[in-house]
Amino acid sequence: MSLIDALSTAMSGLRAAQAGLTVTAGNVANASTPGYVVESPALVETASGNAVGVDVTGVNRTLDQLVQSQMWTETSGGSYADAAAQLYGQLQQVYSTPGSAGAFDKAFNNFTAAMQALATSPASAAAQTGALSAAQQFAQSLNGMSSGIQGLRTQAEQGIAADVQQANAAMQRIAQINQQLTANPAQDATAAQLEDQRDQAITQLSQLMNIKVVQSGNNQVAIFTGSGAQLVGTQAGTLSFDTRGALSPGLTWSADPSKDGVGTITLTSPGGDTTDLIANKSIQSGQIAAYLQMRDQILPQAQGQIDALASQMAQALSNQTTAGTAVTAGAQAGFSVNVGNLLPGNSAQITYTDAGNVQHTVTIVRVDDPGALPLPSPSDPNQQVVGVNFTGGMGSVVSQLNAALGTQLQFSNPSSNLLQVLNAVPAVTVGSLSATATTTSLTSGSPQLPLFLDGTTPITGAITGAGSQDTGLAARIAVNPAIVANPSSLIVYQVGPPTPAGDPTRPNFIFNQLNNAQLTFPAQGGSGGQSPPFTGTLTDYLSQVMSQQAQAANAATNLQQGQDIVVNALQQRLSTTSGVSIDQEMSDLITLQNTYGANARVMTTIQQLMTTLMQAVQ
Amino acid sequence: MTISGIGTGSALAAQNAQALVNLQNKLDQLTQQLSTGQKSQDYAGLGSQAGLTVGLDAQLSALTGYGNAISLAGTNIGVVQNALSEIGSLNGAVVQAVTGSAPFTLDSNGQTTAQSGAVSQLDGILSAFNSQSGENHLFSGSAVNQPAVASTDQILNGNGAQAGLKQVIAERAQADLGTSGLGRLLIPAAAGSTVSISDDSATSPFGFKLAGITSNLTGAGVSGSPPSMSVTLGSNPSNGDTIQFSLTLPDGSSQTVTLQATTASPPGANQFTINPNVNVTAGNLQAALTTAVGNLAQTALPAASAIAAANDFFNSNPPQRVAGPPFDTATALVNGTSANTVMWYTGDAGSTPARSTALAQVGPATTVAYGVRANEPALSNIVANVAVLAATSYSPSDPNAAASYAALTQRVSANLNGQPGMQSLSDIQAELANAQSTINNAKSVNQQTQNTLTDMLQQIEGVSSDQVGAAILTLQTNLQASMEVTGMLSQMSLVNFMPA
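Note that the protein sequences, when read in sequence, are chains A and B.
For the first sequence, our numbering begins at 1 and goes up steadily by one.
For the second sequence, our numbering begins at 1001 and goes up steadily by one.
I should point out that these hints are in silico values taken from the structure, not numbers from a laboratory.
For glycine and all other residues, C-beta sits at the position ideal for the given N, C-alpha and C.
Don't take every hint at face value.
Covered stretches of chain B, going by a simulated chain A footprint (3 or more residues, C-beta under 8 angstroms) [unchecked claim]:
id, region
1, 1036-1044
2, 1134-1144
Under the rule of at most 25 angstroms between Cα atoms (straight-line distance), these lysine-lysine pairs were calculated in the BS3-like manner [said to hold, decoys possible]:
id, chain 1, residue 1, chain 2, residue 2
3, A, Lys212, A, Lys259
4, A, Lys281, A, Lys259
5, B, Lys1039, A, Lys106
6, A, Lys106, B, Lys1443
7, B, Lys1026, B, Lys1039
The following block holds chain B by itself, in its conformation from the complex (with noise of 0.2 angstroms):
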């Protein structure tokens, strides 16, 4: 208002005319409520909830930010999914082709149809992999901006240096085998009636290990324990008497090795002929047992090699190399590194936990983690398995190709099948699913949440286009009428009354 001089007789009528200006003024006042929908231009008119607004702008703010993350994660999370049951069905393929009952024809590269479908499959598996979500590598643990694997063709073949899958392959199986041809084992000439057989090291990871002896032979007594065990035959066996001697293989699994005595000359696989001195008949089983162990060598061990060589290349970090050359005497593994070993997972290897890699926030106090990494149990038992199926091939001359490949191959299959108490990917599958569970729930929490918010907040500083329009509605009539009144009172002038 403005404060006119004292004693003006213009006193009342500024007055009204200042009453009528206010009257426009709300008047204007109503009329930008109604054209902004806003209650308030400033905080101040939003009165005593003026800080209400501002806790409800932050709470609004953060929901919107929990949807972005809800929105990303959940991409993600699609992303990996889809990836994973490509794995899934291509680890199915795989399983499919070596379990099922082709003839064993290798083409040009020594491979069978399972195994040069393995190197399409595997090829499908890392691809899988590197998968993106934006720019990010999902499959990296935390290091999102490097892709998860390398190539297929370094993994196999080495780059450069570094040695790929089918070389440490090579190297492990000529460790496995020895220079002897017997997988490390020592079987050295009868001594009298006694035969021995024995690991050439105690400490050596390398070959067959002795894991013991039962003898069925009439009269044979056994001595010593794994490693280093005799059979002394205190007469002769029995014509169908039984020996058999234990043996575990690199990749742990056990192949028994059973010897009968037989009166029949010469002998049949897996026999020993009994002579009347029995001398002469434990030098016959000596020579059985050499035979014996030296087939297995041809054709179980290569298998459980090439097995134990793919697990120490994609299982284990940093990788497992045989301390050579020479290779064939070596007794010890050590770290490969990444200037002579390929890498073949360049993602971040950190201690977190594997989901805890990837987090997203989707609520004020639920954090979803949906991390994957390529080397997690399952997934690295997968390549691990369909690439030593890729990595090994057979030479059409070998007699034995054709066992070590059954011996492969039933290996590879129970493992792709999955190993009871191991990790599955089906196990990952259902973390994230569980994820993407919570983050459903998040998100139709925070959509109710934000729904009451945005009502409270417009309930603030909103305005209804009703009561604007009624109350402009009765400051319209208001405001006719005092103007009507302003000028008929101003024609009440004695004035006006005056004769002439």
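One chain only, chain A, in its complex shape (with noise of 0.2 angstroms):
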């Protein structure tokens, strides 16, 4: 042991502190640089022969992974909730505000209010624009929100295209990191810098969707999708998204790529291998989940519950119901109607009891497309819809309708266009039999009337190979031209003998309609899944929509709140451990400068020690 001996642990000491204070300026300097984990040197003692030294081998970053992975787990979470509590906020605004005059329900009011007035003076001329400009700005809001729902979802759309790009970005710039890291395995201040970024694009790839993320030997990271495919490696994949520009109802996702209206996201691996992650919904989490949520389910929710709105509101005033007649034949009985006025998608409608006395309801649909035939069947097995194709004349109506339901029930076609029931078995009963088809005569001498067209078509709901005729319907259902051009015929429905000036029969049927009338909307509009249909009036409906969209849009934000103090909190968590405490670093450099202190003072010591044994040599 000597004292050169002493001289260099001193130095090594000296050494150490230097790269101590650099580390502590990184810190302090970076205190406050998005993603920049604290680093503290690494130190290992040394020894030759009974020489003891520190040596610097490195940076270490001083990092929790397990909160690290829960916290990208919990962000992806936390810009779902963020983004699809911000984007039914904007479906809110499509509803307007309440009591306000754009508000939801408000032209609806205002036109049932104008039919009252026009009921209380139907003569009057200025009642009768009155009522129908107020029948216009109904349909005009529902083309107003019809509109804003599916701007909305062309803004999720682009939303979802730039984050795909975004993505991109992330996974090219992790892929890039790995690279280095393999190129460059040092634990030093660079390969830190290096992870530091590396962690900074994972956490923006997880606010884009769901990930998972397997650290391997090496520094690498591998990540995954939420159903286990793989985004990067050493190589990263590469999402594309074809944007469709601007959707309209009808546009739905499919995927089947021929009947697919919107885009889709897809994964191409470095290999070349090819997955739709929607298909194989691979993305179940982060702002895309929001966007295509909101896209695929939420926005067209909320378009077929105004659709049906319109659908239903207009069938009440133009559908009209006729009963049958009863009719016998030897020892079986039943019931006869016409049914040559029912338009496609018009419905006639049996109900029977079989022989265990439960009731049945059959609804026969007219259904002229054979591509949409047969109709799917509704959940409960007593209540049948058959679709029957009408253009093959009588005869074919009626063969179909023995085909399908000729074990209880025996149609037949007795003259013209009349179709007659009967029971098949003696143990049936045929309870009723009635038609209900749409009135396109402004002057059938009833008070129905087509009020409302979709575009010069009559609204009934027909169903074709491309979907139902409701699908969208509140983006083009206007007031029939004809009523335009003639307001009278919110009065007039007969010619022969003329309906005189001040009667109200037709204004107070539009009225009684639409105040009273007990509709039955789709439950898809409804509450969507499997739920059966709603049945109230056209206010119990709006009321209905309005509770289910106040709801969801409160569950939105709950969840937001809910994860914010979730992501809150990992972040704290994560900030205790990994961030950079001033406070922390300020005692770090008094110890540093003191250390450095000491080992200058060991210095001063062997030199004077050495001066010591110069002299005494001397």
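Join these two chains into a complex; the hints should help.
Structure (structure tokens):
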């Protein structure tokens, strides 16, 4: 052991203190740099002979990887909740401020009030044009809501496109850093800086979609989608999204590319394999998932609600139900009704009880497009829906019905357009038969009228291979131009004898239908899924829709707040371990200063010893 | 919130700042609530009651509609009631004029003061029928865009080829009088001791209709039955014996011709002389009967005929006209057409009850019917009787004029006073008053409902400014405290305490 050994030990101490000072300076400088993980010098004691020294081998990142990976998971959830809450907020704006002139239900209420006024003074030209313009405003309000909803869908589509680009950039950055770290495996400040940047990119990616991050040796990470497809390894996959521009109600997502009306996200792996990430439900969280859910579920459902409103409201005013006439043929009994005026989408209804005394309802819907047949059956087995093609004449109608229902009921066509139904077996009792047809004439002699049209087509809910007329009806519904040209059609329902000018029959009918008619709204418009259809008045339905939308928006806000708390907590935990604490750094600084001073003191002492030794030798 | 990068030392500070921003947002929201008075600018902000507000809004809107219907129906009923009371007082004036004991004096138009007054009273009644509320003619039933009645001049005097009341009365007068001047009765010369009397046609509605013969003549026998009867004198009657011939007039009234056997010669009015030869006595009876019937045909018959003509003109739809010319031999009535007869009522004449021609829904389950037609029985009866008075005129040289006028005024006055079992003006007024009271009830019920619903809506959508004010104060305190503490904490750093 010699003084020289001690000197070199003191030297190593000075170097270590200097390295520590560099790290502290870096920490302080990056105190508010996003993504910066606090660093500490990696010190190792060294020994040569009896001399013990210290060596700086590199720089350590102080990171709790468990918290970090939790953080990434919750970040996906957080940005999903943020985006969903924001989009729900925008959807709420489509319904406007409660009680305001533009409110969701205001145009409808104005419409019924105008009809009420017209019923009170039918002859007044002012009341007629007032009612007409209220009807137009209601149609326009439906059009406006529809375009608002489709605007939001388009916005979601564009949001996905932008997010996919961001995701690609982040994935490439991660792959690039993986490669750089392979090339430079040393644990130094450069590596730490690259890791910080890679973590930052992963955080960005986790905001966009839910990912699984797997750490492997050599400072490498691999990133997978929720369903296990690899996004990034040493090479990055590529996401692509075929944006479709402006969306309309009829354009929906489908796994079948020939039917797909909106963009889909495809992952191309470095090897060239492609995966449809929407079809295999890989994206369950993150901002992209929020956009997808809005585009494909929430907004189409909102559209479906106002479509159902438009369709049922129009049909409530134009549909006329004729009850069948009782007939008997030998021991058989049943009913007959004229089905000659049924339009595609119109229906006839039969009720019968079977041998077990169970009541059945059969709805026979005119569906002229063979591509749409057979119609899907409702969930309740006692409620049958049979689609029948009327283009082949009554003979064909009868044979289609006998083929579908022949075990219980026997159909025939006694004359012209009369449809007759009898019990096929004695145990069956036919309870009723009626036909509901859409009135197309303004002066049919009955108060029903085609006040609203789908362009120039009557609104019947017709089903074709391309879908139902109801889809996107709210975007197209308009007041019948013949009534716009002649507002007195709101009063005059027959020409011979002419309706007296003061006859309130028609406006009273319209008012009653709007206020009191019990209508059946399809389930998809209500709360989705297989729930039974909603039956109630138009106001009941509006109320139901608004409750449901408001609750969904509130749920989204609550989720967002809950998720914020989780993310905040994780962020705090992460920052207590990995964040730069200025106080800590300052106290480190004092320690380093003292260490440096002490080491220097050791050297001073050695120098004094050396001097003493030299003087002794003199 | 923004998600910052992981591991930054500034996370806590950023969260603090975020919390401050959140407080600020909350403050903004409260300020907005205070200024708009509304809890939320979207439905989501109303929470679970969002759907309820939609229902409440719809109910309130319907109530506003009922309110409009109530005020319109109220106005219309008011206008109709005014018109009806005007008609009632004009009716009263006519009745007073015809029952007064004014002497029978004719003006240059051949009319009495009461008659020329009736022309202007008819005018008043018809104007009342044409009263409007806004653009609506209220006495036209559901044809509110058309006036209810034609003008006085057209109704009385006709319009071009369309006959007015005067022409219809004149034609009917000829038909009722007949060619012989005996009011369509046949009284042939006595055959032996038998005097017979019969209608000229069993089916004709015109002239006198024989209703029966009551004989107190000693030794006389009555045979046959209406429309053809005869009296056979078996022996001469005693002095003072009477025989009564009952006749029905075109307006349904009855008149009895009483003839008395007398030994005086010549006989007085309505008497016949008993001659020792019973056949001559029968001839005297036939002559006296012819004179008496002829006299009646000039006095009561024209009055009854005019009343019947007015009934046919005003009270039947379509109006009934004498089939002719020639009119004096006509035996049937035919429907008048709009080409040949003035249609006095120009409103809707459908089969719906008159009240149902105007309906107002004044509550969720309350509908008030308040329509009126000018041709309702009570109203057309008034018009018909006032019009007949206005339409007739007399010749100063006619010796029967005074008697005929008396017969007319007696009938008009009886008809205008109302017939038992017939709809009267006050019936209509009472029905409308009921409608008005239903409306008033509905109005107060609606008002209460509206208050309740508005309250409820206000509780859901609105905010109390006291509450918001208090919340703002609390928030302000929180915000100030947070800011102060945040500022203090930022000073709590070792950097500030290290030796220079």
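Hint-by-hint comparison with the structure:
Given a C-beta distance limit of less than 8 angstroms, the hint that chain A covers the region 1036-1044 of chain B holds, as 6 residues qualify and 3 suffice. With a threshold of 8 angstroms between beta carbons, the proposed coverage of the region 1134-1144 of chain B by chain A holds, since 8 of its residues qualify and at least three are required. Between Lys212(A) and Lys259(A), the direct Cα distance comes to roughly 32 angstroms. Violation of the 25 angstroms bound is thereby established for this hinted pair. This hinted pair checks out: Lys281(A) and Lys259(A) have alpha carbons roughly 18 angstroms apart, not beyond 25 angstroms.
Under the criterion of a C-alpha separation no larger than 25 angstroms, the hint pairing Lys1039(B) with Lys106(A) is consistent with the structure, at around 18 angstroms. The straight-line distance between the Cα atoms of Lys106(A) and Lys1443(B) is roughly 23 angstroms, inside the 25 angstroms bound, and the hint therefore holds. Of the supplied pair hints, the one linking Lys1026(B) and Lys1039(B) holds, its CA atoms being roughly 13 angstroms apart against a limit of 25 angstroms.
In terms of the numbered hints stated before, the structure departs from hint 3 and from no other.
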